[in-house]
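A.B. asks: Line by line, the protein sequences are chains A and B. First residue of the first sequence? That's 13 in our numbering, and the numbers climb one at a time after it. First residue of the second sequence? That's 147 in our numbering, and the numbers climb one at a time after it.
Worth flagging that the hints you see were computed from the coordinates, not collected in a lab. Among the hints, erroneous ones may be present.
Some chain B residues well away from chain A (every beta-carbon gap over 12 Å; in silico) [what the hints assert, rightly or not]:
id, residue
1, G180
2, E185
3, R203
4, S205
5, G230
6, D264
7, I297
8, P309
9, T325
10, G339
11, G352
12, V370
13, E386
14, V414
Label-pair distances were calculated between CB atoms; the ranges are [claimed, not checked]:
id, chain 1, residue 1, chain 2, residue 2, range
15, B, D270, A, R28, 31 to 41 Å
16, B, P237, A, N53, 41 to 51 Å
17, B, D410, A, Q16, 26 to 36 Å
Pulled a few chain B residues facing chain A out of the computed Cβ check, cut under 10 Å [claimed, not checked]:
id, residue
18, L175
19, A178
20, C208
21, A213
22, L214
23, V232
24, W247
25, G255
26, V257
27, G305
28, A319
29, S327
30, P331
Every residue, glycine too, gets a C-beta built ideally from N, C-alpha and C.
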Amino acid sequence: MAEQIHPNIVARTVGRESVLTVVGAAPDARGPWSFITGIPNPGFDMVGPPAQYLSVAAWAA
Amino acid sequence: MVTVVGVAYRGNIALEDIMVDFEVEAVELPNAIGFGVRELVTLKGRISEPERVRLERASRYCPVGQALTKGSMEIEDEIRWSNGEVASASPLTESLPPSDWALPAIPTGSVHGRYLLDTKEYDDEGKMEHEGEAKISIQCQNLTRTSRWTILGGHSSEGWVTPPFPLGHAGWAASTVSTLSRLLPQGTEDADGLSVELYMAAGGGGRGQSQSNAAEGVVARRGVTRRIMVPGTPSTTPIEAVQAALQRDPITLAYLNGGVLLHDEVVVES
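One chain only, chain B, in its complex shape (with noise of 0.2 Å):
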């Protein structure tokens, strides 16, 4: 949303409000990242078909976006036992290696984004600083019963929230540890010696630039290394299985093939 918002900012499009509807659903296909959605953008205000063209392309290209459906992640791999051994697990190899174990499947559920209108912040001459926040409805099945979470993602100067492609990331490395306490072979006996870190270089133009790229529709190839604790030795969680595991993983999937979107609307409501 905020990247539809400073697009529309920079090219003097009446964008009043957006709404972002997301469903959730497991897509059960060999070899296949797990999950799909369908995404729906509502956007209000005064806008022409070209002017909706170009906030649909910014839609479909704000950096998360490109993430998930675009592969635009390059990934760098280092995997390090709990002896201190350390190993480069990169790149992945295209064929996908046995493993005795599967994932569960995903729960379906829903995803709805609300923008905060009053949190954009002006400089004193009345130009744009910050985007602001949204607010993040999730909903999805859980065992007994059907749960609810909020979250808030943007753009605001005393940072509060948390931008929205570092949000993303955070759900790849949770997806990550998530993946290899499931398929690693010591299964969840071990799984307290599992952690991921993520070291993203700065740069990429900043938001300026991802405003722009996603107005243009540019895929940004953006860099980045997952250092991965395991524990054991590497004759205990051998690499290949860390690399079946990683392989299996459905936002690294995401990250390096796209694929998420299974369908996606952007609407105009006067």
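Chain A with its partners taken away, still in its complex shape (with noise of 0.2 Å):
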């Protein structure tokens, strides 16, 4: 990793019950490709699928 200086992939949280991810992060990569997944809690409804769904998705691409 040392001599790689941008992420290919970021991920942060966005309040309290999301995440926001970007796949291609770096300037001269491909993308950017953003997705919005959702934590299940018990007070709101998730605004994205939870996470395990997004890789079961590319599992399925």
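Since each chain sits alone in its own frame, please combine them into the complex, following the hints.
C.D. replies: And the structure:
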């Protein structure tokens, strides 16, 4: 990793119940492709699927 | 799907169409990853039994499938606290450290993939250059209703859609952040300081090698560095707490040990 300045993928929380993930975050990379996933919780409907579903979707593709 | 399409093309198998269905369910066993899937792959075309077996193997050994079911990922973890301190968190210990918090159960749902036939791309000589795209429909129980989302994945020259392997890693990065936000000592109070970066070295032979591995049932080890940014200092957010959370993250556990697949079946419809 030492020689790689930019990450390929970045994920961070958005509020308390969601995560924003960007694929192709580096300036010279293809993309960016952005995804919102939800964190199951007792208070709100999730605005995106749980993260595991994103992995299964990738498996399907 | 696009891996199977590529394997079929290289093997001159008359695959006309493909669909994939996953049922996703919670699995509540001690030290388990918390969820599992049942997979049904439907192939269409005049496909012989040996060809079906070859495509079935390709389905089981596609890069994302390998990562989730064969434990093929080699993960290097680095933790960075917001005060600037850095430490390696690898390797994670075999035993599961205690945690005061538990992850919420995954809601039941399904993932349906449909191949978009007319997105295949050929060069001037008629040779396939890109396998094309898949439309993925996700449905799961939400708090007050059933919710649905659609995403695209695959390989295209213009890069309109996310390739499957990076898309799978996006799920892993998101899963890591979700898990840390729930299990670190500060809970959700300071979750805005959490982020994850993935660094993947180029190589591995590209798509052609991945398809050859899938066709032959070869597990390819792939390295990735995961940098985890956490709020606070090693005193307020101890490395042991971060490691304990990582060891409960569903996709991390799948990447290390497999175990997602509960059942799979590949059928042919003429």
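A.B. asks: Determine for every hint whether it applies to the structure shown.
C.D. replies: Each hint, compared with the structure:
no.	hint	in the structure
1	G180	violated (8 Å)
2	E185	violated (8 Å)
3	R203	holds (15 Å)
4	S205	violated (10 Å)
5	G230	holds (18 Å)
6	D264	holds (16 Å)
7	I297	violated (6 Å)
8	P309	violated (8 Å)
9	T325	violated (8 Å)
10	G339	violated (8 Å)
11	G352	holds (14 Å)
12	V370	violated (9 Å)
13	E386	holds (22 Å)
14	V414	holds (18 Å)
15	B:D270 / A:R28: 31 to 41 Å	violated (53 Å)
16	B:P237 / A:N53: 41 to 51 Å	violated (31 Å)
17	B:D410 / A:Q16: 26 to 36 Å	holds (35 Å)
18	L175	violated (16 Å)
19	A178	violated (13 Å)
20	C208	holds (7 Å)
21	A213	holds (8 Å)
22	L214	holds (6 Å)
23	V232	violated (12 Å)
24	W247	violated (13 Å)
25	G255	holds (7 Å)
26	V257	holds (5 Å)
27	G305	holds (4 Å)
28	A319	holds (4 Å)
29	S327	holds (6 Å)
30	P331	violated (16 Å)
Going through the hint list in order, the structure does not satisfy hints 1, 2, 4, 7, 8, 9, 10, 12, 15, 16, 18, 19, 23, 24 and 30.
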